[in-house]
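Colleague: So the sequences go chain by chain: A and B. For the first sequence, this note's numbering assigns the number 931 to the initial residue and increments by one for each residue that follows. For the second sequence, this note's numbering assigns the number 931 to the initial residue and increments by one for each residue that follows.
It is possible that some hints are incorrect.
[Unchecked claim] Here are some of the chain A residues that sit facing chain B, going by a computed Cβ distance under 8 Å:
no.: 1; residue: 990
no.: 2; residue: 1025
no.: 3; residue: 1199
no.: 4; residue: 1412
no.: 5; residue: 1414
If you are wondering where the hints come from, they were derived from the structure by calculation, not from laboratory data. A virtual CB, placed ideally from N, CA and C, is assigned to each residue, including glycine.
There are 2 protein chains.
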Amino acid sequence: MTETADLGCRNLRWALALLDGLADGGLRRLVVSPGSRSTPLVMAGQHHPAIELTPILDERSAAFFALGLARASGRPVGLVCTSGSAPGHWMPAVMEASQSEIPLILLSADRPPELRGWGANQTLDQSRLFDGFVRAFHDPGPAEEGTAALKMIRALGARAAAVSQGDWPGPVHLNLPFREPLVPRTGCEPQRLAIPACPSPCTVPESDIPIPTSVRDLASHLSGRGIICCGPGTWSRQATEALWSCAERLGVPVLCDPLSGLRFGPGPEHRIARYDSLLRDPATAETLRPDWVLRFGRVPVSKTLLTWLTDLPTYLVDPGAGWSDPSHDVRMRIQTDPGAVCRWIADSDPSPADSGWLAAWIRAETDLDASIDAYLAESPWCEAQLIRDLLATLPPEEGLLCANSMPIRQIDTWSGTRAAPLHLFGNRGTSGIDGQTSTLAGLNAGGVPTTALLGDLSFLHDLSGLALLQGLDRPCILINNGGGRIFDYLPQHGLPDFERLWRTPVDVDLASLIRSFGIAHRTVEDATGFRQALTQSLADGEGNAGVIEVRLDGDLSRRIHRDFWTRLAG
Amino acid sequence: MTETADLGCRNLRWALALLDGLADGGLRRLVVSPGSRSTPLVMAGQHHPAIELTPILDERSAAFFALGLARASGRPVGLVCTSGSAPGHWMPAVMEASQSEIPLILLSADRPPELRGWGANQTLDQSRLFDGFVRAFHDPGPAEEGTAALKMIRALGARAAAVSQGDWPGPVHLNLPFREPLVPRTGCEPQRLAIPACPSPCTVPESDIPIPTSVRDLASHLSGRGIICCGPGTWSRQATEALWSCAERLGVPVLCDPLSGLRFGPGPEHRIARYDSLLRDPATAETLRPDWVLRFGRVPVSKTLLTWLTDLPTYLVDPGAGWSDPSHDVRMRIQTDPGAVCRWIADSDPSPADSGWLAAWIRAETDLDASIDAYLAESPWCEAQLIRDLLATLPPEEGLLCANSMPIRQIDTWSGTRAAPLHLFGNRGTSGIDGQTSTLAGLNAGGVPTTALLGDLSFLHDLSGLALLQGLDRPCILINNGGGRIFDYLPQHGLPDFERLWRTPVDVDLASLIRSFGIAHRTVEDATGFRQALTQSLADGEGNAGVIEVRLDGDLSRRIHRDFWTRLAG
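I would like the entire structure built from these sequences, with the hints used as guidance.
Modeller: Following this line, the structure appears as structure tokens:
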């Protein structure tokens, strides 16, 4: 009876049952920001044998770390914070997780209902805080005792984990009020609930996925000169094979976005990666214009490609809830597994395009490979050669996190393909400047050794993430070219006060800043220096791969890009 | 006609009309984070003669800066950012602004409606993003031409500014979609709209505020032994005078929260500031227990006070929408101006408490002042002496920003009163660890020279704000005691892995970190060192007052506090 009256113990058991359910659903990690109200969750994490806790001070950084961790590990990751403005800091990463369909479990501690709305300290309305950016929201109320209550909160954990990984993966928010005391008395036995494990939701194996009837109509549209365009997305090995076969049967090229996961690793010659450059030549753009487009995944990075695709009859295959159709050209949207669709098309004996069609694409790609090599051999060192060297050096099956704005566009332009697999990661859901170093740390913690390529503004936007680079085995490559150089390529370039209001360079000694966290810092200014620093950093990466600061002249880069595009267009 | 077809010019004129309305409503500053979509707003800010632009890279830091700026300047402050996750970073500061009733105008640029929900880059649903944390939300759609349209958007600006400063002040969110092109063609004349200025909303002068009939009932409850308790809030000079007179007529003490604005500046002897210590002695707490409580403003900081107030008949006066009553003891809530209520009570010839009542309070306060002096003279140097020296040194009418967790509680305990006015600022709406250095920079930019008192975790939670300390004339005093020491005073202290999961010290070389931004850094370890550093920093503050890092032994501080409270209790 005394034990029954220990409210701290009740809180702990309740939190432990919740974590049991989450662990049944595949969760193994909780990223915890310090606070008092969240104590039952943290103590439950300490008691739970399957769960590991990672403390991170800044909730914003914690959330981006969790995002990277979930992406690399393929498991849902939990976030824990205290009440008040603390969960508000999760917002940017939750937005990205929602758009990129990453399973995050948001566990915000809260004051109990009797304190909400009555001016109590550190209390505000946390319910539905993430609104449309979460797949589900629950507020199960304060901890209760007894088997029925514990079964409920455990089932809610399992359900949250399942929903976060369901047909439309993404974040789930549980707001969890706790009454004081938050710490149990001595003698509280936080034993786990002796009920059978929650059943996992049943997943249909890829090969058994039924083909919707609508796909049978699709085949009739895919005859003649077409293209397959793969935007950011995930392809299993099986699905990738089906894609290549499907394209071969149709006699069409596959245009692979850098974030499609298809550019790097073994692939056929009808895999096309140079379209952003190819299509800058109006004559080529006209010659290669298709009659139809079969699109997979989200919208590609290349604006050149997007503009060129506008007004073409488009067929979109998306396994989730996405409607990625900004130009409103989609004539049929098929919500099912891309691999299943590819297999079905390949097996349906389609009528292929004339053989000249694919040959023209392959020749264009090969020619462009050669002219890029020639151009880069004679032009000054810039991002183009850096990216070529980086892709030549990164070990197979490792990761590369590519920031938004310039880096992802430059990868798009200059990467080409490579035979050795590489996981290219990018927070492309909201395409923010935010959370990059924290995401990098999370990816590495998630089991994929990952190098990053960032610009100076992205790096400085996520200063809290800098502390997380302590102990990393892979480097963060930081292109320091004095601010947001993407604006140099936009009409804002040259407006009055352009530097102060758009490019916004930050006045900081980067080396000293980085070293203040005990992180190694190397500066490079040329190709040899970069190759050496990269090799060294990967070799002695054991826990302090650090930052490679690449000093580049942004104006020179711009001239090199512009000159290259002018040549292509001419 | 060619001009009409310049969509970039249309965007600029639209944005300029909006700023005209905001400027009519009192807005003078826009804090701008870099981005492309927000270009029309930034260009309009450049054109507008009454508006000053401040660029800040990190939107989270920008929002806390704006919060400080609005608080110190007494004007609404605008925030501008690009689309995507950018406005999500405003969330924590918006939560604070909502709870602290600070007028922020949130101007989020957006993609036009035809791109929303179609997978376009950097596009997500920004509408109602801040939900219950803003007083109003509007999405006026893309820019339109013509006088009627420009009148509308200008009126919307004036309205947003008025609502943000209305009966229930706080943030207002305008989501502003812009179609490309975002930059006007050469020759666009962004002249301002030739219509009369928007009328400002009419404010009733304090002396004319009618007294609600309910107050007439109040007087009958306020006889005998009572106390007046003033939580965080704002008191005009007139209202303060009325408060002192009212208390004198009633023969009761006024317990002044550090954030009430009443502790510092001239005041009568019935102004009480030592209640948090006084009430730790059970005998005193019993002797001084009142029959009724008249409360003004938000909930006080002191938990000792709050616990002691529980179950007492309470009468709450709040000019705004607050219901600050976490113990649910309020018997009457009067929504009107506190000064008006005080004046009415004083003039209503109330029956005062017996003279022994107030004398007991004054004697208790005076005795405690003396015993604190004696105790501090013999105890090792810690926050107590630092706070005494700080308050003795800060020039009259300047500001002190006090962080949450320990600093505000230590000010509460140790400040006492002072005759020279001082603006004590604290982000006490959500009581977060967040945004402190950015708020400090904003307060200074808002015209009140302000020093800060922060702990190491608060400092490190807002690393982006560090860049904003460049150019400050007043120092940031950073108590470095190895993590979140508030947990040392809570039941979590001593739990397994306490240091890693609750106190969470950060492994960083603070001096090197601070200096990497070109900011002066001084370390002090004793009273003499602190006094010297503070005097120097205030004297040569011209643009680089920098950071004073105070190294304190947290365990020693805890012992000194505990020992003091033990003595008081017994």
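Colleague: Each hint should be assessed against the structure and marked as holding or not.
Modeller: Hints, verified against the model:
The interface hint given for residue 990 (chain A) holds, since its Cβ lies 7 Å from the closest Cβ of chain B, which is under the 8 Å cut-off. The beta carbon of residue 1025 (chain A) comes within 5 Å of a beta carbon in chain B, closer than 8 Å, and the hint placing it at the interface holds. Interface restraint check: residue 1199 (chain A) against chain B, minimum CB-CB distance 29 Å, threshold 8 Å, status violated. For residue 1412 (chain A), the shortest C-beta to C-beta distance to chain B is roughly 13 Å, which exceeds 8 Å, and the interface hint is violated.
A hinted interface residue such as residue 1414 (chain A) counts as satisfied when its beta carbon comes closer than 8 Å to some beta carbon of chain B; here the least separation is about 6 Å, so the hint holds.
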